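Enquirer: Residue numbers (my numbering), protein chains in the order written: chain X, 1 to 512; chain S, 1 to 363.
Simulated from the structure, these hints should not be mistaken for laboratory data.
The model shown is predicted, which means the values in this text are computed figures rather than measured ones.
Just so you know, even glycine gets a beta-carbon here, dropped at the ideal spot from N, CA and C.
Treat the hints with care, as some may be off.
[As the list claims (entries may be wrong)] Chain X is nowhere near these chain S residues, computed Cβ spacing over 10 angstroms in every case:
#1 Ala40
#2 Ile65
#3 Ser163
#4 Ile191
#5 Trp200
#6 Thr206
#7 Asn218
#8 Tyr313
#9 Tyr314
#10 Gln315
#11 Ala318
[Said to hold, decoys possible] Calculated pairs, EDC-like style, for lysine to aspartate or glutamate (alpha carbon to alpha carbon, straight line, at most 16 angstroms):
#12 X:Lys383 x S:Glu204
#13 X:Lys498 x X:Glu470
#14 X:Lys498 x X:Glu111
#15 X:Lys352 x S:Glu220
#16 S:Lys230 x S:Glu220
#17 X:Lys129 x X:Glu111
The primary structure of each chain is shown beneath.
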Amino acid sequence: MTESAASHVSQGNADGVSLRRVSKTYGLATVLQLDELTFRNGEVTGLVGENGAGKSTMLGILAGTVAPDAGGDVVINGDSVHPGSPIASQAAGVAMVSQEFPLVGQLSVAENLTLGMRPEGKGFFFSRKSVAAVARGMLKRVSLDIDPHAPVSTLSIPARQLLEVAKALGRNPKLLILDEPTSALGPVEADLVISIAREHAANGGAVIFVGHRLEEVREAADRVVVLRNGRLVADMPVADATDDRLIKEMVGREHLATVTADHSGLARSAPVFAAEDLTAVGLGPVSLSVSEGEVLGVAGLMGAGRSRLMHTIFGAIPRTGGTMTLAGAAYAPRNAGHAVEAGVALVPEDRKQQSILPDAPVRWNVTLATLRRLTRGGFFSPKAERNRAKEFTSRTGARFASIEQPIGSLSGGNQQRVIFGKWFAAEPKLLLLDEPTRGVDVGAKAEIYGLIDEARARGMAVIVASSELEELFHLSDQIVVLRHGRIGRVLAKDQFSKEQVLLTASGVKEIP
Amino acid sequence: MTRSQAGTSNDAPETVQAAPPVRRNRLRAIVDIPEFGVVAACVLVFVVVTILQPRFANASNLQVIGLDLANYGILTIGAGIVILTSGIDLSPGSVVALCSMVSAYLNVNVGVPVGLCIIISIVIGMIIGYLHGWFVTRLDVPPFAITLVTLTAAAGGALALTSGQPVSGVSFSYQDLTLSKVAGIPVPDIIFVVVAVVAWILMERTYIGRQIYAVGGNQEAARLAGIPVKRRLMLTYVISGACAGLVAVLVIGRVGVGDPSIGNGWELDAIAGAVIGGVSLYGGEGRIVGMVFGILLLMMINNALIVLNVNPYYQQVALGLVLGVAIVADRIRARSRGQARPRGIPIFGAGGSKQAGKPTPAA
Chain X
1 MTESAASHVS QGNADGVSLR RVSKTYGLAT VLQLDELTFR NGEVTGLVGE NGAGKSTMLG
61 ILAGTVAPDA GGDVVINGDS VHPGSPIASQ AAGVAMVSQE FPLVGQLSVA ENLTLGMRPE
121 GKGFFFSRKS VAAVARGMLK RVSLDIDPHA PVSTLSIPAR QLLEVAKALG RNPKLLILDE
181 PTSALGPVEA DLVISIAREH AANGGAVIFV GHRLEEVREA ADRVVVLRNG RLVADMPVAD
241 ATDDRLIKEM VGREHLATVT ADHSGLARSA PVFAAEDLTA VGLGPVSLSV SEGEVLGVAG
301 LMGAGRSRLM HTIFGAIPRT GGTMTLAGAA YAPRNAGHAV EAGVALVPED RKQQSILPDA
361 PVRWNVTLAT LRRLTRGGFF SPKAERNRAK EFTSRTGARF ASIEQPIGSL SGGNQQRVIF
421 GKWFAAEPKL LLLDEPTRGV DVGAKAEIYG LIDEARARGM AVIVASSELE ELFHLSDQIV
481 VLRHGRIGRV LAKDQFSKEQ VLLTASGVKE IP
Chain S
1 MTRSQAGTSN DAPETVQAAP PVRRNRLRAI VDIPEFGVVA ACVLVFVVVT ILQPRFANAS
61 NLQVIGLDLA NYGILTIGAG IVILTSGIDL SPGSVVALCS MVSAYLNVNV GVPVGLCIII
121 SIVIGMIIGY LHGWFVTRLD VPPFAITLVT LTAAAGGALA LTSGQPVSGV SFSYQDLTLS
181 KVAGIPVPDI IFVVVAVVAW ILMERTYIGR QIYAVGGNQE AARLAGIPVK RRLMLTYVIS
241 GACAGLVAVL VIGRVGVGDP SIGNGWELDA IAGAVIGGVS LYGGEGRIVG MVFGILLLMM
301 INNALIVLNV NPYYQQVALG LVLGVAIVAD RIRARSRGQA RPRGIPIFGA GGSKQAGKPT
361 PAA
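Isolated chain S (complex conformation):
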């Protein structure tokens, strides 16, 4: 739909050529939606796998997918919002382990009620996120490095708390939360949808969300437009930490104990989900809808490979290929729109280091 702007009638040669009015424009518009590919892939995988193995579409199997989706999906939204600022958060998996161990430990050994344990878990996640943001914005530590520290340290902390022993005997309320269903839908999925909707509203309908995109798109331009860049960066890490703290609660109910080795490597699936959903590692681009379908696709393929009895060793290969296809497809789409490849290495380029390259105004 090419709207002709008032003033285009001017004979300036620089005006963009209007596309010839073709009837297929509406179809074209749908295909042009950035998330079209991933949504189509979700539908395709669902249909094909169901034909090959009808058990895939059983209510019980869908509920299994749903439980995984809730955990990974919430992490994906947190990690994805960080990536939008051209940062990265490698810590969610370890934060899940640490928070769930602390939560279970307090519940079992100190007798703290579940409700309070949930809040504590989320608050710990937020504090860790705040620290990430603090180091990134105040000391210009690359996000990759500081969250790598947490990846290692938090996983270690989870193990150290009980010398690697699981914490058993947690309140049944955890399981009630995770394993209950409303109209056949697992409660964690309802929580996931709520998280996704809140994140969508934040990113699409509030000025704060737009400012987060702006920081990812061009940090210096954002600063000179009066946007509080540091506060916005900080916020994204806090959101990611809160998401990890929330998932920590959900996994206790799923496993039935506080498991110190849970969450190992989950951050990579979360990041992969966001990237498959069209979030650019260079920042500034990608939407919540894409993240949701990106992680859904990943979870479906994961489950399909099991249902189809694919050799587990090849499952990893398949997931890697999906990620590769997503990244390449994103670059091809960007190129076809004529965008140059942004400069700098994405993961290392966020935070303050972007500013380091800026010219000092007339030194």
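Next comes chain X alone, as it looks inside the complex:
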């Protein structure tokens, strides 16, 4: 740790991190081919591109987890780095915050933060106290106020994400890679990460900032580079990086016509779903209602109880009080099974952990929630299952080579489309969406918005929770802002504004 800190100071006149003639091919497919790309010291470089554009491959090469084809060079401040070795990359000063959280769940926050570091002067042993002290210092840098002794498995996803950032910063890296660091965060935490990135660059380090939210990339970056089909297609100062320009470069064609959400023609009918004084641990009392074809947005900071609300409605978290009605009848699910039977569906936040059977074929994943309805006397015919799986994946536009392919081999957007197909097959009356576009690229995002429109056209009531306000504004007819598990404010469509949401969410403005 001291060693890398020292070299960080004496970085000399070398100019940063360069990729020279770096390429990567898998079989016949070239996924990355770069002539020269430099991430300069003292600069935040925004990196954008659709899924499959080669971003992950490039970052993997920098981090040493992907071995590039022979012949290319990775040069850090003038020194060539042995490619394809994570240890060499780390030693050279590369630290990456990835979208997935390689944290050890059973270990404490402090232990995770100091994992791989050697505490000084203690020989083979380490003291719990000094580890905690080091950890506290690291947590402070990301303004995360948690107990260093708490096991990581008890933390929420946003807290884990910040923990990852703290862990990377603790290594005093020369190149800090932030791979979609804000996709799991609410606006306040996202701003924090952006300021951390800026600060790191101001101190002379190089930063790569990858993001789906273009506005954030612009806010964070001095310069934006765009990858498409494994090639560098644009490199521009941030001033030139307009939405239109970036999306055009990423997609390689003119801006997709944005799906315009104009549902003003819909008359507000009797609510399909209503909750009255709903409470659970850390939630409520919450009262809300949604009508047929209506989208209710749920906003709030991290920890405000968005996911908790969704899971409580779905019966996956025990309800401690209040009543709910669904399609006019009392609705009191004791578990998720009851909810599905009653006509409620949930697309959870963490696709990999909560939605998919990664190694199972697409077919299984589509029919998972409704296989029982396909059976006669307990048995089902494989043909009927295949047909149904095909029907619902084509309805949601999921693309794959074969329906027998493991779902884990698809892109995030396609996985999400399969999951939507799974729930469309269940024909729910109420569709709960928790961060439905997390980790999907711009093109897929528009298509998922299209699916949500289809859901409402089919008469489902939709509740969507998201940390992306633009997304909520775009989709919702009404937004409830949660704060500390309660509804701070209800906004009608003509009241949508970031200021209103943020003021309520962060508690600056009292409940009217």
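Given the structure of chain X, go ahead and fit chain S onto it with the hints provided.
Expert: Frame of chain X; chain S shown alone:
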């Protein structure tokens, strides 16, 4: 056979590259069947050993293999279904001992008719399985630990019942059941085939079976898809217990007495058979067909080593190597398909402990 899906024509770069249309696709498809390796190994072992020692393929020797196969095979199916949920059942061997002792004891000393003894034996197995499931699902006890308890306790119970003495004088009906043959096929093998077919239908053709796979593949996703995870886990342990109770009946007829030390270590062969047949210890993967051929391969090799007069000490080594090859082959196959190694230690990771790692939704 790469079907091109409607909509693939879209120019999105994320679509998976279609394989070039090669004529060898059909052969490739056969080789790609997960059970191909174990079936091929069965054929190979049979042919090679028969050439070396034609006595191996005699009807009488095949019947010996068949009797072993029936016992171990039924246990393999029970234990294999538990492993599909990423659990483990270490108890079958001991449950066989306990159930066969109780069954024989009731028959000889209480005069309970054989038919009822068979039912009692199976019911005891199911109750033990139910208890396993109860501890695993309600108290989050790791399956490894709770079935280890039974491994020890049930073996002890079998011995304690008669202070370690075998129970002799059991009804001849037991032997009639085990040693009769239909068209040269031992009845236990017919029972084994029936068990296998029922298990196959359960796992491949009913929603319950698919839900068991789902629980093994991703417990949290299964729960959030509305699957009654606890009931499904429970069921697998009950099935495993029932299988052990059934085997307990078959072994009485084979040995002719109630033997308290029977079944010692059988659980390991049952687990090995399932693993050789392609059942992943990480759960969610493996099929009944594979389990059947996995245990068949193990039984054939076992017998071949005896027929070929291999030093008994080396027999153990050989069986260990077969298991090692099967496990390594499975990982290589998984890697070639690009699957990451699942996280967590398989045996300890099932039941509730998987949930312990899940993030609390916005605490």
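Enquirer: Indicate, hint by hint, whether the structure satisfies it.
Expert: Going through the hints against the structure:
Ala40 (chain S), annotated as away from the interface, keeps every beta carbon of chain X farther than 10 angstroms; the closest lies near 22 angstroms. Against the 10 angstroms criterion, Ile65 (chain S) stays outside the reach of chain X, whose nearest CB is about 33 angstroms from its own CB. Against chain X, the non-interface label of Ser163 (chain S) holds: every CB pair exceeds 10 angstroms, the least being about 45 angstroms. Non-interface status of Ile191 (chain S) relative to chain X is upheld: no Cβ of that chain comes within 10 angstroms, the nearest being about 23 angstroms off.
The beta carbon of Trp200 (chain S) sits about 12 angstroms from the closest Cβ of chain X, which is more than 10 angstroms, so the claim that it is off the interface holds. With a cut of 10 angstroms on Cβ distances, Thr206 (chain S) falls inside the contact zone with chain X, its closest approach being about 5 angstroms. A Cβ of chain X approaches the Cβ of Asn218 (chain S) within 10 angstroms, the least distance being about 5 angstroms, so the stated non-interface status is violated. Against the 10 angstroms criterion, Tyr313 (chain S) stays outside the reach of chain X, whose nearest CB is about 39 angstroms from its own CB.
With a closest Cβ-Cβ approach of about 37 angstroms to chain X, Tyr314 (chain S) is found to remain outside the 10 angstroms limit, as its non-interface label requires. Every Cβ of chain X is farther than 10 angstroms from the Cβ of Gln315 (chain S); the closest lies at roughly 35 angstroms, confirming the non-interface assignment. Annotated as non-interface, Ala318 (chain S) keeps its C-beta farther than 10 angstroms from every C-beta of chain X; the closest such distance is 31 angstroms. Between Lys383 (chain X) and Glu204 (chain S) the CA atoms are separated by roughly 12 angstroms; this keeps the pair inside 16 angstroms, and the hint holds.
Between Lys498 (chain X) and Glu470 (chain X) the alpha-carbon distance is near 8 angstroms, which keeps this suggested pair within the 16 angstroms criterion. Between the alpha carbons of Lys498 (chain X) and Glu111 (chain X) the distance comes to roughly 38 angstroms, so the proposed pair goes past 16 angstroms and is violated. The suggested pairing of Lys352 (chain X) with Glu220 (chain S) holds, with an alpha-carbon distance near 10 angstroms, which does not exceed 16 angstroms. As the CA atoms of Lys230 (chain S) and Glu220 (chain S) are separated by approximately 12 angstroms, the hinted pair is consistent with the 16 angstroms bound.
At most 16 angstroms may separate the alpha-carbon atoms for a hinted pair to count; Lys129 (chain X) and Glu111 (chain X) meet this at roughly 11 angstroms.
When each numbered hint is compared with the structure, violations occur for hints 6, 7, 14.
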